[in-house]
Structures are given as C-alpha cells and as structure tokens.
Amino acid sequence: MRGHIIVCGDDALARRIIDELNDAELSVVLLASPNALDAAGVSTAHAVIAAAAEDAVNLEVALLARQANPRVRVVARLSNTVLHQAMNDGIGPGVVLDVAALAAPSVVEAMLGRTAHSIRAGGVDFVVSSDTVKRDGTLREIYGRLAPVAVIRGENSPTPGEVIACPHLDDPVFEGDRATVMGQAEELSRRGLKVGLEEDAESAHRSPPVRAFDGARAFHEDVNPMFYRALAIAMTLLLGSTVLLRFTFEPPMGWMDSLSFATETLTTVGYGDFTFFGQHLWLRLWGVVMMLSGIAMISVMVAFVADVLLSRRLYQAANRQQVSHLRRHFVVVGLGSFGIRVAGMLKDAGHPVVVVERDEDNRYLSALVEHRIPVIAGDSTLRTTLAAARAEHARAVAVLTEDDIVNIETGLVLREMTVAPGGKERSGVRIVLRIYDRALGAAVGRRLDFNHVRSVVDLATPWFIGAAMGLDVVGTFSVGQRSFMVGGVLVQPDSELDGMPISELSTLTRVIAVERDGQKAELHPRRDTRFQAGDTAYLVGPYHELLDTLRKGQRGDRPRKAGPPIGTVERLGLGGSPFDAEYP
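Here the working numbering runs 330 ahead of the position in the sequence shown, where the first position is 1.
These are computed hints drawn from the structure, not numbers from a lab.
Beta-carbon label-pair distances, calculated as ranges:
#1 777 - 680: 31 to 39 Å
#2 490 - 713: 29 to 37 Å
#3 355 - 696: 41 to 49 Å
#4 709 - 812: 27 to 35 Å
Keep in mind the model is a prediction, meaning the values are calculated, not measured.
C-beta: ideal position from N, C-alpha, C; glycine also.
Turn these sequences into a full structure, and let the hints steer you where they fit.
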C-alpha cells in the first residue's frame, strides 16, 4: 500500500477524521498501537495523524513516525504547552495542533457576541461579518460583490432555519434572513456592516467602603453559624457581669470600671487594678465562673475563626467576595485545557471572568491565580453554585466541561435561572455549550433550542485533515451550527485545477482571492477567471468541499483513493496484522 493515511486514536475526534477521509475515498489505516507503525506502512504513507486523547501516545507515534520516514507528513495532537512548542520546532513536514487552541476562539467569539471575524489570507486582511437582511432582494443587490459565505433563512422565507452554504450572488434573500458575507473592512463599512468588536464589559472597580462591606458579607457567609451563638453567650455574660459588678462591688465602681474589670476577668488578662480580694464569697465564686466561662467561649470563637482562616474556605471566601459585586461578566464552567484557554483569552482582552470548577485539586488553578481570576468551587449542575458565580447577571456563560451530559444539564439549569419567575422571556445571558460530538451538538441545538452550541470535533477536524493533505488552513469559524473553513490551495501543473475556470468549481465554495506569480492577490476574481499552475487560490466554504478542491489541485504524491467498498477501514491490531472491518 502506498500514499495512504495512518490515523491513531479511538475517541470522537479520531473517528470523525477517519469518517471524513473515508467519505473522501482516501485509503486509511487505523493504528491501534505505536508499535504497529511499520506494519501500517509508515515508510510509504502520505501522512500520519496522531489524534489519540493521550498526549503520551501521540508524542510516541509522532516521534517514531518521523524516525521511520523523514518525509512523511506528521500531524500530532498535543495539549501540553511545553511538548507542543518543542515538537513544533523540529517536527519536519507536518504540524502539531492543540484542540483547545483551535476551538477556543470560536467559543470566545460566541460569548462576546461578535458577528465579525478577522482572517488574513494571501497577505490581505478579510473580515467575515453577519448581518440581518433589511429588505427582499438578491445578495448582489444588497451586498454588491462581497463574497456570500452563508445565509440562515428567517421567518419570512419559505424554509425558516435553513442554512445555505456559499449561495450565489443572484440568489434571493428575504427580510429577516441572516446573511454572512466576506470582504475587506472598507468594503463592509461602505455597505453598513459591522467590522469591529463588541464593547468591553463594564468596569469592575469598587470603592473602599464597598470592598469592606463585601468582605464582611463574605466572612458572615463562610463562618460556622455556631460562632454567632458563642459570641452571643459571651456578650450576654460580659454585659451581665458588668451590671453585677456595678451594683455589688465594694467600694462601688463606675460603669466604665465595671466593664473593664468584667472584660479582664472573662479574658483572664488581669492588670491588677481591680481584684476580688475582700469581696463577698458569692461574688468571688462568680469571678471564678466568669474566668472559666470566658476561657471556654474564647476558645470556641477562636476555633471557628481559625476554621475559616486556615482552611480552603478562606480562598473560596475571597473568590466569592470578588464575584459578589460583578455584573455583565463572563462565567466559564469547567477548568480543563479548553476552559483555561477561554478564560485566559477573555481576561487578556480586559473582561472580568469567573471560573466554576468542581475539582479543588485541578492542575490549572495556579494559572488562574496568576491571571487573578476568581474560582467558585462546586457542582455546576446546582443552582447554588451558579448563583455564587452570579451567572444570572453575567453577559455570557460558557459550559466547557469534558462531559457532554453535564454540559447539557448545566445549560438547562442556566436557562431556568435566566427566565423570570412566571415568565417566558429570557434575560440577555448568552449560553455557549461545548458538545464534543458533532451529531449530539446539532441535536441539542435543534431539540433543546440552544443557539450557541460548539462541537470541538467539528471545529478541530478540518485542521487535522487539511494539515495531513497539505491544505494551508487559514482559519475556521461558525455560522449557526455549521463550521466553515478558509484555506489556500496551490495549483500544481497538470492537475485537475490547472486551466479550470472558477465557474466549474463546487457551488459550495467561494474563491475570495488568487495569488499569481508572486504578485498582489486578486480579490473576488470573476467566474470566468482560469486557474494556472503555480496559483494559490484562497477559498471559503464547508471543509468537505475545500478538501475536494485541494485534491483537484494536487497530482503525483497525493493520497490515493481507496478501492471499493467505500467506507472500509483497514484496522491494525497490536500484532500488526491488518484485517478489514466495516467502520460505523
């Protein structure tokens, strides 16, 4: 076997990569163990994709594959920052990808409510912007020669909710449709489209009195309730003893002296200015009771205060104090490699961020301390935990745990919290859900009416496949629940694209620029423009279509198509013996 692609991994991302490669009719070998690389034909493979969930496995596969074949294209999935940088510096042909880094920008954009995405292709800065159609007409009449990327049909169209990828400029749109177009910032501005970012969140500055009040409230909420009972008993004993000494002590003393002597006795300090020497026997016995009771009460109160100060509740109380005043902030639920990156991006942009995490021993907690991001420890599926993060007052909440079911449950709880009692109107809190599996994410979006569902698999898969096949992936973004990719395709001599007019390309892709002979890129080329060998065409569209266009631009060493039956994957076991199996 020659020109095949070896894939290592068995989670949803690896399965999705294999499915897409099969759909493209490419020869795929599934690697069950790094030891089976030789049996998988690494010496003649076109690419090796190490997409397992464990960094250790991916690192081993990448290193062994590079050692066995210095020319093979290696695409490795690594979430560890140190390993990622080290491997990128010397991996040779190929690339190292971090799934969290690929998907995080899309989540941040959804949280900020951005309708514009900046993408640089062919030395030109493009902006992808979404706009609500104000009148009926064609895309050409409303947006001129701006490249239409997608249209989401509105209520006034015959098919509400339908997503049309890369429609033609002469296709009709209706008032209320949501159109996403691509062009330079100046072109978009002339058409009245948004090209900037959303405004920053409100300032989180507090005056000293407010800080003091928040601190006192946080202490009150975290100290053991028995502390207040002990304090009440101690104060009752102090006041009662003060009155008793005022009227029974000989010679008589004033109120201030009585209070001072009672305090000295209860705290067993005793300065010698007053004593019970020469007093009535019952009063001297009362003095003994005061001293013993004072020692007991003070010990109990000190124990309760120490419980707060010397335990993790002090850290939690400080976090709750920081959060207690926030409004229009951002809440990130789940502190994994994905959550820490999203929280860091928001914080670096100057927004107040709160993280909700269940595991108090999470490895990323120290990174949050460096970023000065407060953490609320607790179960995100409980209303009390989300209320402690003031989720109902947030600008947006991203639910990013590694458990899809927990994410869905948390999203439903959040939606209940953001609906006024007895009402149906939701507040302006934007809820972004991370759903790992694409099919489940689409179902959740439709069935449970969540408008911002992001599938990690959907966002990351194009990068892995594109890198393995040699596509210059420029960026990805989401329109509705669909993912789009911008990539560059080099037209090779005698390839299918060489001499082909743009009009014969797939109708689901849009050519936004063509670089020729090292000159400045031609923007929005006409449909009768023909590709030439050496051109670099930059396209936007669903990545399936871009990958198909990439194959048309390649020749010679491109991955070979698999023979029939389509959808068959050759699996390799630990022993290295291949066997055919139908892949779901």
